[in-house]
Amino acid sequence: MMSRFVKIFFSFLIISFLSACGTKKEIVYVPVKQSETQKDFYTDLIINYRLDKSGIKDTFNRSIEETFKTSFNLPDFDIKMTLSKPKEATVEIEGKNILVVIPVGILVEKQTLLANLKAKGVLEMSFITDVDLDSTWNLKTKTNLSVHRWIEKPKLNIAGLNLPIEMISNVIIKKTKSQIEQSIDDGVKESFTIKQKMKETMRMFDQPIQMDPNVSAWLNIKPEKIQLNRIINSRFSAQGKISIKALSTFTTYKPVPVPASLNLPKVYWNETIPDSSLFRLVADIQMYDVNTLIKANLDGQTFTAGDKTITLSNIVTNCDYEFLRVVTDVAGSVNGTLIIKGRPKYDAAANNFYLEHIDIQLKTKNVIHKAAAWIAEGKIRNEMEKMLKFSIKDNVAKVQENINAQIAAINSKYNMEMKVNIGSVDVESFELKPGQIQALMRSKFYLEIRLKDFRTFNKF
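Note that the numbering used here gives residue 344 to position 344 of the sequence shown, counting from 1, and the numbers run on in steps of one.
One should not assume that every hint holds.
[Stated by the list, open to error] The list that follows gives simulated cross-link-like pairs (lysine to aspartate or glutamate, EDC-like), each with its CA atoms no further than 16 Å apart:
1. K419 x E401
2. K363 x E401
3. K140 x D185
4. K345 x D329
5. K398 x D426
6. K419 x D275
7. K444 x D275
8. K177 x E356
9. K57 x E92
10. K386 x E401
11. K96 x D134
12. K57 x D186
13. K118 x E92
14. K386 x E448
15. K444 x D426
16. K199 x E181
17. K393 x E428
18. K87 x D130
19. K389 x D329
20. K96 x D130
Rather than coming from a laboratory, the hints here were simulated on the basis of the structure.
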């Protein structure tokens, strides 16, 4: 499931970023070896989860009901006892412990020559389950009966027949105790098939993820360590955090496949997990892989200044170690090729990219000269500069809107409630290389998942 979220979030974000610096036309590029551009960086994904306590309670009640289907015969007293659950068991989770309080209805039956005698009582049994997970994802549970007390003692005293009901009931408790303890252990393990589910989940990270079938954009995520904290109990839910530390790499080419990992990342307990995620992504953007994306920004655009107009077409964009160049055919008041050159800059305060020291030249009949003043200065120049500027800050709302739509479908499919609130998206650093841009992107966001039923885990 988390791989879906990553795809949704970063496919929109990175593709939006790329649309500010791509082209659609074949040009000559300086080849770049993959070994020179491949980078990795740690990312910390924090999942804030809430387990609906009504779902937790239902899971344990189903397990206990199975145990109570069996009657118990005590030959020493010629008695049959049947257990029932007059009302739902309560379940509380705190830290690594699960407390289950079960009201147990006891029906005592004894056949005599005169009649079939019956007596009813109600016993409250409290069980504590210790749950632990070792570093290799082995789930360990140990359930023990901590205390029991009579809410209503059964009485059977007819025609001088006086049976030691309390003593008999204690025998029953001893007989049923281990079975109920085992049923609770089994219920926990059945609901949390953690190791197997984690193996299935990790397979999604074995190969690079194509973020959009229409764009050459690939995301590699390699989880290395997972941390959990103790569960905190509240009135309606039990809540906790999961931290996933991973290496994340983005490329505009499909990386060479690597052998699938046979081992799960190790898991540890940690009580100082933060609330928000910090996702860092090294983006290796090769210009020839994003040629079509610039078309939406500039191709076919007409610019007007007074009685003069130019229309752009056949746009080509490339970069070297210092400059970004946009080369475009122009038609209208002047015909030829326009060459726009500038140094890409990132303004951290405004959270946007722009071209600094823009130089505009016009090529007509194989002669390059300064563009006419009405192109190189004034209104047309200002409009071009605006279209060559890309604001990450202004696109965060669009990213949030896209994520909300995708998450709505996921929530419906898996019967849960997931929400993502983006705090910020920015760029820690970027650099130009021939035919290529490398950027280290960073996003802070809050991710929360509410599970209504333990069986939700088995749907992933």
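I'd like to know which numbered hints this structure contradicts. Please list them from smallest to largest. When the structure is compared with the hints, numbers 2, 4, 8, 10, 13, 14, 16, 18, 19 turn out to be violated.
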